[in-house]
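Asks: Single-letter residue listing:
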Amino acid sequence: MTATLRKAATEDVAIDIRNMNKWYGTYHALRDINLTVARGERIVICGPSGSGKSTMIRCINALEDHQSGSITVDGTRLSSDLRNIDRIRSEVGMCFQHFNLFPHLTILENCTLAPVWVRKIPFEEAEDIAVHYLDKVGVLDQAGKYPGQLSGGQQQRVAIARSLCMKPRIMLFDEPTSALDPEMIKEVLDTMLQLAQEGMTMLCVTHEMGFAREVADRVVFMDMGQIMEENAPEAFFEAPRNDRTRLFLGQVLGHRTAAGE
Amino acid sequence: MTATLRKAATEDVAIDIRNMNKWYGTYHALRDINLTVARGERIVICGPSGSGKSTMIRCINALEDHQSGSITVDGTRLSSDLRNIDRIRSEVGMCFQHFNLFPHLTILENCTLAPVWVRKIPFEEAEDIAVHYLDKVGVLDQAGKYPGQLSGGQQQRVAIARSLCMKPRIMLFDEPTSALDPEMIKEVLDTMLQLAQEGMTMLCVTHEMGFAREVADRVVFMDMGQIMEENAPEAFFEAPRNDRTRLFLGQVLGHRTAAGE
Amino acid sequence: DTLETVRERGRLVCGVNTGLAGFSYTDSKGEWAGFDVDICRAVAAATLGDGDAVEFVPLTGKTRFTALSSGEIDILSRNTTWTYSRDTELAADFTGTTYYDGQGFLIRKAVGIESAKDLDGATVCIQTGTTTELNLSEFFLSNGMSYEPVPIESPAEAQQQYLAQSCDVYTADTSALAAARSSFADPTAHMILPEVISKEPLGPLVRHGDDRWADIVGWTVRALVAAEELGLTSENVDEQAAASKVPEVGRLLGTDGDLGAMNGLSAGWARDAIAAVGNYGEMFSRNLGTDSPIGLERGLNALWTNGGLQYAPPFR
Amino acid sequence: MAHTALTIATDRIRLPHLLSDTRYRDKTLQAIAAVLILTVLGWLISNTLTNMAALGKPISFGFLFDKAGYDINQSLIPYSPESSHLRAALTGLVNTLVVAAMGCATATVLGLFIGIARLSPNRPLAGLARVYVEVFRNVPVLLWLLLIFALITEALPPPSAFRGADHTATMWLSDSIAVTNRGVFVPSLSFTTPGGAWMLVAAIIGAGACSFALARVADRRQRATGRRPGTWLPALGIWIALVGLAVVWSGPALTVPELKGFNFRGGVHLRNSLIALWLALSLYTAAFVAEIVRSGIAAVAEGQKEAAASLGLSPGQTMRLVVLPQAQRVIIPPLISQYLSLTKNSSLAIAVGYMDLTGTLMGITLNQTGRELEAVLLGMGFYLSVSAGVSVALNWYNARVQWKER
Amino acid sequence: MPAPSFCRTETIAPRPAPEARSGLAGRLAEIRRRGPLQAAVSLLSIGVLVWIVWTVLSWSLSDTWSANSLSQCREILADHRHKACWGVIRERWLQILIGFYPRDLMWRPILAFGLLVPGLAWLLRVKAPPGGRKWGFVPFAVAPYLLWGGPVAPVLSAVLAGLAAWLAYRCGARAWLALCVAVATFAAAHALPVSGDVGLAPVTGREFGGFLLSVVIGLCAIVFSLPLGIALALGRTSRLPLLRLVSTGFIEFIRGVPLITLLFVASTLLNIFLPPGTNFDIVLRVIIMVTLFAAAYVAEVVRGALSAVPRGQTEGAASLGLAYWQTQRLIVLPQALRISIPGIVSTFISVFKDTTLVSVIGLLDPLGLANNIRADSAWTGIAWEIYGFVAVLFFALCFAMSQYSMWLERQLRTDHR
Ligand SMILES: Nc1ncnc2c1ncn2[C@@H]1O[C@H](COP(=O)(O)OP(=O)(O)OP(=O)(O)O)[C@@H](O)[C@H]1O
Ligand SMILES: Nc1ncnc2c1ncn2[C@@H]1O[C@H](COP(=O)(O)OP(=O)(O)OP(=O)(O)O)[C@@H](O)[C@H]1O
Ligand SMILES: [Mg+2]
Ligand SMILES: [Mg+2]
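Chains as they are written, first to last, in our numbering: chain S, 1 to 261; chain Y, 262 to 522; chain E, 523 to 838; chain B, 839 to 1244; chain V, 1245 to 1661.
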């Protein structure tokens, strides 16, 4: 139905979504989504509020179920089989807008919980991994504190480290910076940038157009539950082909420049 | 200690604070405050967070008590006598950062409550006054709604109208715009501007330097519980004499221009 | 002065059991009935001339004495045993014995026990709040036996336990035992053991310190006994009042002299009481006797002339 | 507050200032209140004294040392009719604490399961849990007590049903446990070697310590290797070895209940009054606990569960490692107040003849001695001290579990 | 690598959701998806529910409505011993409902509750209705008179006094002056030679019984405990240490002891604390005790709500010059009460259930009456039928109320005015 360009070799494909449809009750939230993400590709998804960006991201690691079409992650097809879901979830890390750190555990415990209980890694080893990633995102000195004692930017970076500790091959970000104060956004974007440079496959819902320009291999624009446009960032920002894209960019960029970004 | 400019004739003095000191427990929050405000004067108070601006404002209408020195409002010396406190409070209107409207009453009821119960004005008359001031601040069409149904800017304007209904001779504002979204700030500042132009005596804690420039007769800069500098706005902004003031202005104005305001 | 209070109020306030078959219960119309209830009605008739001018206050074992001493009720007519300490320490006055009772044991015939002396190790349902616990403990102790007490507040609940064989024996005053047995599906399968382990003279109480009121209550009861001796019944009392030539009948019914006035009552006080509830025998057979569902023999409560203990001092 | 106290003295104090000056206003008001309160208290006390004197019963607690004269069927401390009223009260108190402790434990476990079941995606299970909660919490607990008591009395066989060749009921577990409508009789343990009981207790404590140590070792292994070695088989071995040794050495004699005479003799007798009260209190309270658990779990943000799921934790792990530890903070305070009300509700024991504090001190003792005021005051004092103790513990706990925040 | 590009030229219209597999097939598929354990749990749960319903039904379906005594029931049922005997309910249902209230005056409780229920609903609405909640109090003034009756003159005087005070207050009189006016009017009206006997026939508390008693105790307790509880809550949050101490002590004392002991106090000790010779209706004493009991719990609910009102509200009021009482009455309490309505309804439910404890001190509430009825030799030995009937009545009332309170909670949560 929709023309989507696909990589030839399947072993290079990290995520393959075909003709996926999702309904909330009678509301058609995602319509005929086709998207192929190559290994190491960095994709930024944008679009107006309510366009289905979060829903799509959440479908990928089965936080929401879809009603038709297929989602294949790293060669594993998402089915209602619980073992498949588990396999996919351990391949895919996710960062939420509101971080969702576990408030009753210290930063270090947050990071070691899943490796120890899911991956059955020895505790010391898990701790080493956690220390490594906490260091990488620059919050190692906070390791003994509780999430409530950290600033928003620090919390989001811990959330990223927590996902990384599971050594995912793919990272999903759902507006990771939109709940942060302006000063903290930069910290988090820098961390993500670093990840991107290391070749992590990333799907990122964000409105930080600067970030998109800098790191994205492709920008996907969604509206009304469908993918409206999909393009390399330069082409996307300079010469949007779709009317809606143009309208949206006009609003977002217009506002941003007005605000002096 | 601090050089304070004083008007000669006392009947022209709206507020006279002399050697006022305040402690929170053992914390010395206000130190030797001296400030004289002439009738009709408009004063903007600024300073870094925690410098005691709110505390000073709140001492004036006895929301906080002070431990030494004197505060005289409109010729009435603030003492521990309730009747004095009541007299002063009915002379002085106050607007808070978070508006503190009464959510269970309509806008009109918010505005008529105090005149009816404190000033014992007949209800119809109070209503006429309320309608007049609501009209003036431009929210008359909302009179039947509840505060929760209004935008922040509208709420703050209602709060101003509510204070005005008590026909105060002096208005105190404690960061009236800092809880508002940028678009709404202007509505409120415009209202305050109008008040200023009508000759209301005003003490305003704000970081809106544009507003300060435009309306203030004097700018007072506070830090660490003391008044650091007190000057006409032009002098204050162009040639701050105090180091701290300079530092502060550098931060505030720098940030603001950087944000493209 | 209680009599004045009662007259002024126009009602007698009488404390009764919250529910004890034969003695006090309410019928389907919500009317109180029973032996203890009838005593109240008799006193109301004697003082106010109307046997229905009573307000009944249901009381538990715990609340009864307080209700009396605080003045909440005028008489306590609630199967209360006359004991020394109650008469003295609790500041109550027993005005006579309306029912000579004794604590006994109800048991299934199938158990095959003939005497309470064989009850060693039995589980015993007791209705608490009375002298029962003390008697029981003393009886077993003095016979060197052990037992397992199951104390239950209400008789209905205790019977339920007994019927389900949650306990082997049910101990209470024999009147209550008989009442219970009569209501069982198969009364003949149960028997009351011959031993009566205590004396339980039951009667109405009034507060200490109002002698006239104590006299009124006491003599009203005695009048009912005397009426049975003299052959006066609720049916014939009016006729006898007019016609009887027996001097004591005349004195009792107020046609000869005015005994009532000596006690602040009307001349026809006894007549009203008898007309309201009948003589002692009528009252007994209506509520407790062999014709009633309870089916008790008169036994100790027969008139002295018939070998019982019920005896009225002379009315003169 | 509307008016704060200005601490600077601005003018001399005059009479009207007593009410209008913030410096004195509070003190004046309090003085007036104190006078009022003292007057009322004094009035009440003087009334009491006059009334008690008029009744000829001056307040005295001497009756506590008189002979009680009545029997208490369940006494965990030595008691006979010869003992004093004080001892009877203590026996009742112990009984109250026993049933309260049993009730709290069961109510918690039951409530936890029902609360979790109510949130289960399994619709029939959630429905059953909902029915349970609604039915139990909307009918008075006294009624439940009476209904359960009646159920036990009528549905279970009497001891006589175990008798004879044509018995209709049999004991459980090869004739060692008898479930009757007088209660449950279970075997009891005694020892031939002197000090045998202590030996056994020591063995149990030792075995417990060993299993604890074993668990710690397993923890360390898990930390080191990621695999947790199975602990329960070795633990079982230790238990069997230690306890078995102690049992053999101490020469245990199991007294199995036997039908003798009217009743089962020997063994431990859990009376039906205790069972009814325990069941009624725990079933009733479990409904409230379930609601507390449910709302506690619901109070954990949805995002927490999503985060746990996206990390690959299974639903069970999510519940155990993420949701319950967070819910606990919300659950514990109302849970404790449910424990308190269960303890207070245990005073309904008199309805089924369980001899708790209300049945002894405020029941038969009160009746026999006519000392209403003293008995009720003592009883209230006891319940109050229990609540006070629990509140102190609760405050301490609350202070402890607050999450660290900025 | 060159990024693939794509541009949609026409939008996809929403399509209806694929038919969710419904009915049995859908259920079965769902069960299969969930695995055998879940299926077993579902089956077991359904089994338990069915078994319960079956047991209850098979016991209660029995043809004994017309029996006049337990023995007649036994005859009718012959060998089906484990079935209900409904005759007792036919004979006694009215008694269980209204106790000993004179049967010819039954219209009075019916009318009273006909007024009270809408009154209560009016009071407990989420949003203050136009004209305030005050009209909701009218039934509470009328209903007690309907229930207890007695000469009408003092009631009329009280009403007159109230009216006069209100008028005076509206005309600008101070509170204390209005109070004086009220007292004066009452005295004057009382002195008028109105015939003392005109009015409804008096009914004493002792004649109340059954459900009527439970409801009367429960309602009175909640209505009177509301102001008392608010006062206690204000006291507990007061700035005066003495007041705080006394309120806290009272609240914690009441919450620390079982209701039963308070009822013992009402039945045996209250007279001891009062001047010699005082003596009043036991029902009144119980109402007083239950009111104090409920007040402590209401106070805690209200205290929670008071602390939920932001501090800025009092400051806002203070800066407008409102005095302490004005602030509480006009600003803080209206907001706090609105928040605390669900909590108050829950308190009411538990107080209502707790009224059954009065049977322990000999009052004939439904449970006390159960005992009394079982003392009638026609019905000795009956238990389940009466208990079941009473349980169903309590369940119906409490369930309705708890649903209402949950609904209220939802309303309050979504009510973003
Ligand atoms: N649980 C749900 N039930 C029903 N509708 C939902 C649900 N979650 C989302 N929706 C609807 O689905 C649509 C897509 O929502 P989604 O959250 O994916 O949007 P989005 O693009 O992420 O928007 P935003 O930028 O605001 O996060 C919206 O119209 C939303 O209202
Ligand atoms: N109730 C209080 N108790 C103790 N210390 C207080 C209290 N209120 C304020 N303070 C302290 O007094 C100092 C002055 O506070 P104030 O609120 O007046 O500062 P501010 O200049 O208004 O700051 P901001 O711009 O953040 O509003 C601060 O250090 C603050 O921590
Ligand atoms: Mg989203
Ligand atoms: Mg401030």
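Because the hints were derived from the structure by calculation, they are not lab data.
All of these numbers come straight from a predicted model, not from anything done at the bench.
Incorrect hints may have been included.
[To be verified] The list that follows gives simulated cross-link-like pairs (lysine-lysine, DSS-like), each with its CA atoms no further than 30 Å apart:
1. 639(E) to 551(E)
2. 167(S) to 905(B)
3. 136(S) to 120(S)
4. 186(S) to 381(Y)
5. 120(S) to 865(B)
6. 905(B) to 639(E)
7. 895(B) to 145(S)
8. 1327(V) to 551(E)
9. 120(S) to 167(S)
10. 631(E) to 1098(B)
11. 1327(V) to 631(E)
12. 136(S) to 1143(B)
13. 167(S) to 186(S)
14. 186(S) to 1143(B)
15. 721(E) to 1143(B)
16. 905(B) to 721(E)
[Unchecked claim] Label pairs and their calculated CB-CB ranges:
17. 1520(V) to 610(E): 20 to 26 Å
18. 1051(B) to 49(S): 43 to 49 Å
19. 667(E) to 1228(B): 41 to 47 Å
20. 1326(V) to 660(E): 39 to 45 Å
21. 1656(V) to 916(B): 24 to 30 Å
22. 25(S) to 1444(V): 46 to 52 Å
23. 1295(V) to 667(E): 41 to 47 Å
In this text, a Cβ means the ideal position worked out from N, Cα and C, and glycines have one as well.
Asks: Determine for every hint whether it applies to the structure shown.
Replies: Consistency of the hints with the structure:
Among the hinted pairs, residue 639(E) with residue 551(E) is inconsistent with the structure: their alpha-carbon atoms are about 44 Å apart, more than 30 Å. Of the supplied pair hints, the one linking residue 167(S) and residue 905(B) is violated, its CA atoms being roughly 77 Å apart against a limit of 30 Å. Straight-line distance between C-alpha atoms of residue 136(S) and residue 120(S) comes to about 23 Å, which keeps the hinted pair within the 30 Å bound. Note on residue 186(S) and residue 381(Y): the hinted pairing is violated, with a Cα-Cα distance of about 56 Å set against a maximum of 30 Å.
This hinted pair does not check out: residue 120(S) and residue 865(B) have alpha carbons roughly 66 Å apart, beyond 30 Å. This hinted pair checks out: residue 905(B) and residue 639(E) have alpha carbons roughly 25 Å apart, not beyond 30 Å. Proposed proximity of residue 895(B) and residue 145(S) is contradicted: the alpha carbons are some 65 Å apart, above 30 Å. Distance restraint check for residue 1327(V) and residue 551(E): the Cα-Cα separation of roughly 26 Å lies within the 30 Å cut-off, and the hinted pair is therefore satisfied.
For the proposed pair residue 120(S) and residue 167(S), the alpha carbon gap of about 13 Å is at most 30 Å, so the pair holds. For the proposed pair residue 631(E) and residue 1098(B), the alpha carbon gap of about 18 Å is at most 30 Å, so the pair holds. Our distance criterion of 30 Å between C-alpha atoms is met by residue 1327(V) and residue 631(E), whose separation comes to about 27 Å. Restraint check for residue 136(S) and residue 1143(B): satisfied, since their Cα atoms lie roughly 26 Å apart, inside the 30 Å limit.
For the proposed pair residue 167(S) and residue 186(S), the alpha carbon gap of about 24 Å is at most 30 Å, so the pair holds. Taken as a hint, the residue 186(S) and residue 1143(B) pair is honoured in the structure, with Cα atoms around 28 Å apart against an allowance of 30 Å. Taking the CA atoms of residue 721(E) and residue 1143(B), the gap is about 73 Å. The hint is violated against a cut of 30 Å. With a C-alpha separation of about 22 Å, the suggested pair residue 905(B) and residue 721(E) falls inside the 30 Å cut-off, and the hint holds.
Evaluation of the 20 to 26 Å hint for residue 1520(V) and residue 610(E) yields a pass: the beta carbon distance comes to about 21 Å. Residue 1051(B) and residue 49(S) have their C-beta atoms about 57 Å apart, which leaves the hinted 43 to 49 Å range violated. At roughly 43 Å, the beta carbons of residue 667(E) and residue 1228(B) sit within the given window of 41 to 47 Å. Distance hint check for residue 1326(V) and residue 660(E): the Cβ-Cβ separation is about 41 Å, which falls inside the suggested range of 39 to 45 Å.
A hinted range of 24 to 30 Å for the beta carbons of residue 1656(V) and residue 916(B) is inconsistent with their spacing of about 57 Å. Judged by the Cβ atoms, the range 46 to 52 Å given for residue 25(S) and residue 1444(V) is violated: they are separated by roughly 58 Å. A hinted range of 41 to 47 Å holds for the C-beta pair residue 1295(V) and residue 667(E), which are about 45 Å apart.
Of the numbered hints given earlier, the model fails hints 1, 2, 4, 5, 7, 15, 18, 21, 22; all others are met.
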